[in-house]
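Please model the entire structure based on the sequences and the hints provided.
2 protein chains.
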Amino acid sequence: MAEPFLLGVLGGMGPLAAVDFQYQLLRAVNSASDQQQIPMAVWNVPQIPDRQQALAGRGPSPLPQLIDGVERLNRIGASHIVIACNTAHHWFEALQAASRAPLLHIADATTEAVAALSPTSVGLIATQGTLDAGWFQRRFARHNIETLLPTAAEMASDFVPGCYAVKRGDVAAGGEQLARLAQALLDRGAERLVLACTEVPLALRAIGWQPPRAAVDPAEAMAAVCARLWQQQRST
Amino acid sequence: MAEPFLLGVLGGMGPLAAVDFQYQLLRAVNSASDQQQIPMAVWNVPQIPDRQQALAGRGPSPLPQLIDGVERLNRIGASHIVIACNTAHHWFEALQAASRAPLLHIADATTEAVAALSPTSVGLIATQGTLDAGWFQRRFARHNIETLLPTAAEMASDFVPGCYAVKRGDVAAGGEQLARLAQALLDRGAERLVLACTEVPLALRAIGWQPPRAAVDPAEAMAAVCARLWQQQRST
Numbered sequence: 001m002a003e004p005f006l007l008g009v010l011g012g013m014g015p016l017a018a019v020d021f022q023y024q025l026l027r028a029v030n031s032a033s034d035q036q037q038i039p040m041a042v043w044n045v046p047q048i049p050d051r052q053q054a055l056a057g058r059g060p061s062p063l064p065q066l067i068d069g070v071e072r073l074n075r076i077g078a079s080h081i082v083i084a085c086n087t088a089h090h091w092f093e094a095l096q097a098a099s100r101a102p103l104l105h106i107a108d109a110t111t112e113a114v115a116a117l118s119p120t121s122v123g124l125i126a127t128q129g130t131l132d133a134g135w136f137q138r139r140f141a142r143h144n145i146e147t148l149l150p151t152a153a154e155m156a157s158d159f160v161p162g163c164y165a166v167k168r169g170d171v172a173a174g175g176e177q178l179a180r181l182a183q184a185l186l187d188r189g190a191e192r193l194v195l196a197c198t199e200v201p202l203a204l205r206a207i208g209w210q211p212p213r214a215a216v217d218p219a220e221a222m223a224a225v226c227a228r229l230w231q232q233q234r235s236t
Numbered sequence: 001m002a003e004p005f006l007l008g009v010l011g012g013m014g015p016l017a018a019v020d021f022q023y024q025l026l027r028a029v030n031s032a033s034d035q036q037q038i039p040m041a042v043w044n045v046p047q048i049p050d051r052q053q054a055l056a057g058r059g060p061s062p063l064p065q066l067i068d069g070v071e072r073l074n075r076i077g078a079s080h081i082v083i084a085c086n087t088a089h090h091w092f093e094a095l096q097a098a099s100r101a102p103l104l105h106i107a108d109a110t111t112e113a114v115a116a117l118s119p120t121s122v123g124l125i126a127t128q129g130t131l132d133a134g135w136f137q138r139r140f141a142r143h144n145i146e147t148l149l150p151t152a153a154e155m156a157s158d159f160v161p162g163c164y165a166v167k168r169g170d171v172a173a174g175g176e177q178l179a180r181l182a183q184a185l186l187d188r189g190a191e192r193l194v195l196a197c198t199e200v201p202l203a204l205r206a207i208g209w210q211p212p213r214a215a216v217d218p219a220e221a222m223a224a225v226c227a228r229l230w231q232q233q234r235s236t
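Top to bottom, those sequences are chains A and B. Going by this note's numbering, the final residue of the first sequence carries number 236, and the count climbs one at a time with no gaps. Going by this note's numbering, the final residue of the second sequence carries number 236, and the count climbs one at a time with no gaps.
Some clues are possibly wrong.
[What the hints assert, rightly or not] Pulled from the structure, derived: some chain A residues nowhere near chain B, Cβ distances all over 10 angstroms: (1) GLY12; (2) ILE67; (3) SER121; (4) ALA133; (5) GLU146; (6) ARG205.
[What the hints assert, rightly or not] Quick list of simulated restraints, FRET-style, between CB atoms: (7) B:GLU176 / A:ASN144: 29 to 39 angstroms; (8) B:GLU146 / A:GLN96: 54 to 64 angstroms; (9) B:SER235 / A:SER61: 38 to 48 angstroms.
[Claimed, not checked] Quick list of in silico lysine to any residue cross-link-like pairs, SDA-like style, CA-CA up to 25 angstroms: (10) A:LYS167 / B:ALA54; (11) A:LYS167 / B:GLN36; (12) A:LYS167 / A:GLN52; (13) A:LYS167 / B:ASP34; (14) B:LYS167 / A:ARG234; (15) A:LYS167 / B:ARG234; (16) B:LYS167 / B:GLN53; (17) B:LYS167 / A:TYR23; (18) B:LYS167 / B:PRO49; (19) B:LYS167 / A:PHE5; (20) B:LYS167 / A:GLN35; (21) A:LYS167 / B:SER33; (22) B:LYS167 / B:GLN36; (23) A:LYS167 / B:PHE5; (24) A:LYS167 / B:ALA224; (25) A:LYS167 / B:GLN232; (26) B:LYS167 / A:GLN52; (27) B:LYS167 / A:VAL29; (28) B:LYS167 / A:GLN24; (29) B:LYS167 / A:ASP50; (30) A:LYS167 / B:GLN233; (31) A:LYS167 / B:LYS167; (32) A:LYS167 / B:GLN53; (33) B:LYS167 / A:SER33; (34) A:LYS167 / A:ALA32; (35) A:LYS167 / B:SER31.
Keep in mind that the hints were calculated from the coordinates and are not lab data. Note that beta-carbon positions come from the ideal geometry of N, C-alpha and C, so glycine has one too.
Written out as structure tokens, the structure reads:
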């Protein structure tokens with residue numbers, strides 16, 4: 001007999017993004033009854049080293065805390081695990097190796113959502129660690145989609161301060177900086193934007209900024225994949 | 001050595017209320033940094049019999065699923081457990097008996113918040129099961145606070161349909177019905193309202209209804225108690 005479906009959410013990075021992701025899961029199912037919603041368990045423990053700092057070589061690795069979270073989610077009975085943070089996917093293989101339950105990769109879900117829109121180019125907004133890792137770019141390239149990246153100057157002047165402004169609760173200031181970066185990518189010819197850091201869509205929504213063509217939110221793409229998986233398992 | 005603090009949240013009743021409660025926990029700490037937020041694990045599994053139906057003798061008991069959730073939260077390492085549903089406190093003693101981690105009672109947190117406002121009377125909006133159990137009324141009476149209750153007719157015409165409208169996503173219609181009940185309690189002389197069903201504050205906020213003097217939201221009172229407990233443990 002198949003193990004019961006239970007989605008494990010590895011959160012804490014930050015804690016607000018993990019809560020927002022749970023809303024996206026509820027919206028993705030769009031059910032009239034509580035009982036049809038995705039059963040989930042959430043590890044939302046923000047006492048974990050900063051991922052951006054670690055990847056920049058300026059702080060300790062979050063890997064021990066990430067493995068602890070994955071082990072706890074296995075212990076509570078998760079059948080599948082998702083990571084509610086783009087940058088933490090840097091440690092995806094190590095976490096998969098530590099987990100009985102399979103992990104779903106956010107870049108796979110995002111690529112599916114992007115490919116469905118058939119753009120020739122996308123602008124990718126993400127942490128330096130995510131940009132350097134190349135998960136998104138390699139996957140998009142397989143669909144003949146070119147990825148436009150922020151410049152080093154834009155990362156330093158707009159992305160990093162914008163992101164940390166959101167983290168400390170100054171969503172309006174952060175939103176303005178992130179919107180400037182988003183506009184720059186559109187001005188360089190990006191047909192679509194991929195907002196691959198959980199703080200970004202949240203901050204842009206907060207200030208009411210919208211690109212001319214709908215952006216792809218990897219967390220939303222991930223929620224859609226989770227909802228489909230749950231609905232498939234329920235109907236079998 | 002004391003066990004590390006980890007708040008276990010028993011949710012799923014409904015899943016949206018459990019997500020809202022997590023927002024209230026984040027707001028209650030009001031911290032500038034992710035790392036200062038409450039570490040938490042959430043069991044948000046909505047495949048559980050309806051509490052109102054069970055207490056009315058019209059459906060199976062949710063107790064087996066509640067105990068399973070409490071056991072899972074113990075297994076993941078919860079040091080304290082809260083139940084993100086007023087009505088489910090009907091099974092509080094049985095759940096406490098099944099748990100190594102202590103459970104915090106929502107009516108204790110609420111009484112503390114109500115007593116701080118020193119009203120002579122409050123109007124209590126809650127499910128029939130919660131009203132019948134008398135947890136809130138007995139605690140308020142110890143502070144010489146009289147509790148005004150909805151009539152049977154108001155429960156049938158406003159509370160029950162209002163609540164289920166919210167559960168099926170029709171927050172506007174539900175809000176109108178619940179606001180009518182809230183106004184009736186104020187008209188009968190309630191100085192303050194206690195909105196002791198997770199759907200109620202959510203629905204009243206959604207339609208912009210506000211009583212003349214701020215209402216007490218038990219979930220918010222509970223979040224405040226959790227935040228204080230976490231901050232005490234961090235500083236020791």
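Hints and how they fare:
1. GLY12: Given that some Cβ of chain B is not farther than 10 angstroms from that of A:GLY12, nearest at about 7 angstroms, it is violated.
2. ILE67: Non-interface label stands for A:ILE67: nearest chain B Cβ at 14 angstroms, farther than 10 angstroms.
3. SER121: Non-interface label on A:SER121 holds, nearest chain B Cβ at 33 angstroms vs cutoff 10 angstroms.
4. ALA133: Per Cβ check, A:ALA133 is outside 10 angstroms of chain B; nearest 22 angstroms; holds.
5. GLU146: It holds; A:GLU146 is separated from chain B by about 34 angstroms at its closest Cβ, greater than 10 angstroms.
6. ARG205: holds (15 angstroms)
7. B:GLU176 / A:ASN144: 29 to 39 angstroms: violated (52 angstroms)
8. B:GLU146 / A:GLN96: 54 to 64 angstroms: holds (59 angstroms)
9. B:SER235 / A:SER61: 38 to 48 angstroms: With a Cβ separation near 27 angstroms, B:SER235 and A:SER61 fall outside 38 to 48 angstroms, so the hint is violated.
10. A:LYS167 / B:ALA54: Roughly 43 angstroms separates the two Cα atoms, so the pair is violated.
11. A:LYS167 / B:GLN36: Given pair A:LYS167, B:GLN36 holds - Cα atoms ~12 angstroms apart, limit 25 angstroms.
12. A:LYS167 / A:GLN52: Since the Cα atoms of A:LYS167 and A:GLN52 sit roughly 13 angstroms apart, the hinted pair holds (cutoff 25 angstroms).
13. A:LYS167 / B:ASP34: Holds. A:LYS167 to B:ASP34 sits at ~7 angstroms (cutoff 25 angstroms).
14. B:LYS167 / A:ARG234: holds (21 angstroms)
15. A:LYS167 / B:ARG234: holds (21 angstroms)
16. B:LYS167 / B:GLN53: holds (14 angstroms)
17. B:LYS167 / A:TYR23: holds (15 angstroms)
18. B:LYS167 / B:PRO49: The given pair, whose Cα atoms are some 14 angstroms apart, holds under the 25 angstroms limit.
19. B:LYS167 / A:PHE5: holds (23 angstroms)
20. B:LYS167 / A:GLN35: holds (11 angstroms)
21. A:LYS167 / B:SER33: holds (7 angstroms)
22. B:LYS167 / B:GLN36: Judged against 25 angstroms, a Cα distance of about 33 angstroms means the pair is violated.
23. A:LYS167 / B:PHE5: holds (23 angstroms)
24. A:LYS167 / B:ALA224: holds (21 angstroms)
25. A:LYS167 / B:GLN232: holds (24 angstroms)
26. B:LYS167 / A:GLN52: violated (39 angstroms)
27. B:LYS167 / A:VAL29: holds (14 angstroms)
28. B:LYS167 / A:GLN24: Given pair B:LYS167, A:GLN24 holds - Cα atoms ~17 angstroms apart, limit 25 angstroms.
29. B:LYS167 / A:ASP50: This hinted pair is violated, its Cα atoms lying about 38 angstroms apart.
30. A:LYS167 / B:GLN233: holds (24 angstroms)
31. A:LYS167 / B:LYS167: Violated - the C-alpha atoms of B:LYS167 and A:LYS167 are around 31 angstroms apart, more than 25 angstroms.
32. A:LYS167 / B:GLN53: Cα-Cα ~42 angstroms, so violated.
33. B:LYS167 / A:SER33: Holds. B:LYS167 to A:SER33 sits at ~7 angstroms (cutoff 25 angstroms).
34. A:LYS167 / A:ALA32: Violated, because 33 angstroms separates the two Cα atoms, which is more than 25 angstroms.
35. A:LYS167 / B:SER31: holds (10 angstroms)
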